[in-house]
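Enquirer: Following the hints, position chain B against chain A.
Going line by line, the protein sequences match chains A and B.
Counting from 1, position 323 in the first sequence corresponds to residue 323 in UniProt numbering; the numbering is continuous, with no gaps.
Counting from 1, position 117 in the second sequence corresponds to residue 117 in UniProt numbering; the numbering is continuous, with no gaps.
Don't read these hints as lab results, they were simulated from the structure.
Fair warning: there could be bad hints in the mix.
Claimed, not checked - Heads up, simulated DSS-like pairs for lysine-lysine below, C-alpha to C-alpha not over 27 Å straight-line:
id, chain 1, residue 1, chain 2, residue 2
1, B, K46, A, K298
2, A, K298, A, K280
3, B, K95, B, K46
4, B, K95, B, K24
5, A, K308, B, K95
6, B, K46, A, K308
7, A, K298, A, K308
8, B, K103, B, K46
9, B, K24, A, K298
10, A, K280, A, K308
11, A, K298, B, K95
12, A, K280, B, K46
13, B, K24, A, K280
14, B, K95, A, K280
15, B, K103, B, K24
16, B, K24, B, K46
17, A, K308, B, K24
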Amino acid sequence: MTGRIRRGNLDLVLEPGETALEGLLRGGAAVPSSCRAGACQACMLRAVSGDPGSLAQQGLAPALREQGWFLPCMSRPTGELVIQEGPPPAIAASIAEVTEIGPAIVRVRLEPDEELSYRPGQYVQLIQGDQVRAYSLASSPAEGRALELHVRVHRQGRMSRWLAAAAPGTRVGLRGPAGACFYTEGRPEQPLLLVGTGTGLAPLRGIAHDARRRGHTGPIALIHGARDPAGFYLVDELKGMVDGSGNFRYVQCAMSGEPSEGLEIGDLTQVTLRLFPSLKGWRVFLCGSPDRVNALKKQCFLRGAGLKDISADAFLTAEMPPPPLRTPANRTA
Amino acid sequence: MTSLYDELGGAVAIDAAVDIFYRKVMADDLLAPFFDDVDMERQAAKQKAFLTMVTGGPAHYTGRDMRRAHAHLVAEGIGDAHFDAVVGHLAGTLKELGVSDDKIARVGALAESVRNDVLNRDPAV
Numbered sequence: 001m002t003g004r005i006r007r008g009n010l011d012l013v014l015e016p017g018e019t020a021l022e023g024l025l026r027g028g029a030a031v032p033s034s035c036r037a038g039a040c041q042a043c044m045l046r047a048v049s050g051d052p053g054s055l056a057q058q059g060l061a062p063a064l065r066e067q068g069w070f071l072p073c074m075s076r077p078t079g080e081l082v083i084q085e086g087p088p089p090a091i092a093a094s095i096a097e098v099t100e101i102g103p104a105i106v107r108v109r110l111e112p113d114e115e116l117s118y119r120p121g122q123y124v125q126l127i128q129g130d131q132v133r134a135y136s137l138a139s140s141p142a143e144g145r146a147l148e149l150h151v152r153v154h155r156q157g158r159m160s161r162w163l164a165a166a167a168p169g170t171r172v173g174l175r176g177p178a179g180a181c182f183y184t185e186g187r188p189e190q191p192l193l194l195v196g197t198g199t200g201l202a203p204l205r206g207i208a209h210d211a212r213r214r215g216h217t218g219p220i221a222l223i224h225g226a227r228d229p230a231g232f233y234l235v236d237e238l239k240g241m242v243d244g245s246g247n248f249r250y251v252q253c254a255m256s257g258e259p260s261e262g263l264e265i266g267d268l269t270q271v272t273l274r275l276f277p278s279l280k281g282w283r284v285f286l287c288g289s290p291d292r293v294n295a296l297k298k299q300c301f302l303r304g305a306g307l308k309d310i311s312a313d314a315f316l317t318a319e320m321p322p323p324p325l326r327t328p329a330n331r332t333a
Numbered sequence: 001m002t003s004l005y006d007e008l009g010g011a012v013a014i015d016a017a018v019d020i021f022y023r024k025v026m027a028d029d030l031l032a033p034f035f036d037d038v039d040m041e042r043q044a045a046k047q048k049a050f051l052t053m054v055t056g057g058p059a060h061y062t063g064r065d066m067r068r069a070h071a072h073l074v075a076e077g078i079g080d081a082h083f084d085a086v087v088g089h090l091a092g093t094l095k096e097l098g099v100s101d102d103k104i105a106r107v108g109a110l111a112e113s114v115r116n117d118v119l120n121r122d123p124a125v
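Excised from the complex, chain B in its bound form:
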């Protein structure tokens, strides 16, 4: 099956999506404080990796990577509300790019699959 990543147009389209997505995240008062002191280029590269993954593109991230990468944010208090907000901005970004609702739902499901890893908790919770 072709991934949404390929349908969207691969890396070129993901580059366009990163700006829109990152802007939405930074403009969100709930999320903005966590992005105040980060290097914007490095953060954009991470967002690109994230968007690549949730659209089914080539990614080599494990649950362990996800846990390690977000551990400091969990310590600072991120939770489901933050995760939901990010997924919401992801859906908004894809909508802006003209992606159909059923495909956005597929991406949402892929994003959902990393929720417990991002929030560093036991899958059973």
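So that you can see chain A by itself, here it is in the shape it has in the complex:
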């Protein structure tokens, strides 16, 4: 069967031997590209339906493959391929509950009007008036339709202070999910290392539960970093995940204070590397402050974790410039 591609208003039948990229460009779509050999990933797009072919996903991280990202320069679809154009529409949600769960940290439960399909660890854009902020999802679809966010209430934070004071029933908009920081199946015995600072714990909590729910058998270690020992939250829940099997390990790491059982004092990167000196074969999830996440990412790679086995989600606060687009969701905009 001849390949056919659709994207927005574009709908064309591919010529014999033509790649999806060549077809898109012939049809007038503005798709950036460089090597056209499946190497540079400049042309990466997301398929909404249809099969781009395995060659077009060779070398992409499993999390990206699972969401339909592919390289159109290597794609010769044999059927119809529908490619995403522009951001997906926002959905409306009600704030169901706001609870203080830590020092200047609130848990916000949202009831979306329609069910959101997401993977624990992904994030959503929360829209309130003209303000938009990204928050990781701490919940899991298996727990029900409600979404759970952990929000650090910044002293000057327009959105976070508004959320902390929001009454139940208040309406907000949501866009997403997005992000590739989530558990992927296929290697249930692989050891997992989850390291996060502050509310970086939110996606890690979701990922840890998701891994277990999906039958992960390998060891899971979660290290939570905070400035001082008062900064930890969800402590009872995480301690409750430690069972007799030794398969779940929960470590707190504070920059200052007195060390005790389960509490390390020191630099988060140094402590992580001391506890886990070799990460060859490990799957690593890193979430939280950009400087910590980037330092850990580099060190975990140098200690043997494969680059495609490291998922990092650096949280940027609103004052900072937007992050470079890693996944080209808005590339055509």
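Expert: For chain B alone, kept in the frame of chain A given last:
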């Protein structure tokens, strides 16, 4: 003639090589400073393109691309020592993957062919 790229096993093998190669480069004190603030995924994609090229795989890079891509590094002071170090790590990577010495020499020759473009200088120098 079959390229080393195909002999190695194509894109799958190159993906495995990228991690080893990139790790060697980042652990090298001479080269590490140039990789401090780069996006690791994007850098790995470039390294994949490089490894694809020097093993004779499908690549569409011109001398001009090479010059443009490295111009800022030349301005920051990279030279023959850096280039040699990278080629050394390339050879080490292939050795680790069990590639024979004569094939490694072939790859070295291909890498050598872009030296002047990478270092942005006249081929006659």
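Enquirer: Each hint needs a verdict: does it hold in this structure or not?
Expert: Hints, one by one, checked against the model:
no., hint, in the structure
1, B:K46 to A:K298, "holds, 17 Å"
2, A:K298 to A:K280, "holds, 14 Å"
3, B:K95 to B:K46, "holds, 21 Å"
4, B:K95 to B:K24, "holds, 13 Å"
5, A:K308 to B:K95, "holds, 22 Å"
6, B:K46 to A:K308, "holds, 15 Å"
7, A:K298 to A:K308, "holds, 13 Å"
8, B:K103 to B:K46, "holds, 22 Å"
9, B:K24 to A:K298, "holds, 12 Å"
10, A:K280 to A:K308, "holds, 12 Å"
11, A:K298 to B:K95, "holds, 24 Å"
12, A:K280 to B:K46, "holds, 23 Å"
13, B:K24 to A:K280, "holds, 15 Å"
14, B:K95 to A:K280, "holds, 19 Å"
15, B:K103 to B:K24, "holds, 20 Å"
16, B:K24 to B:K46, "holds, 15 Å"
17, A:K308 to B:K24, "holds, 17 Å"
Violated hints: none; the structure is consistent with every hint.
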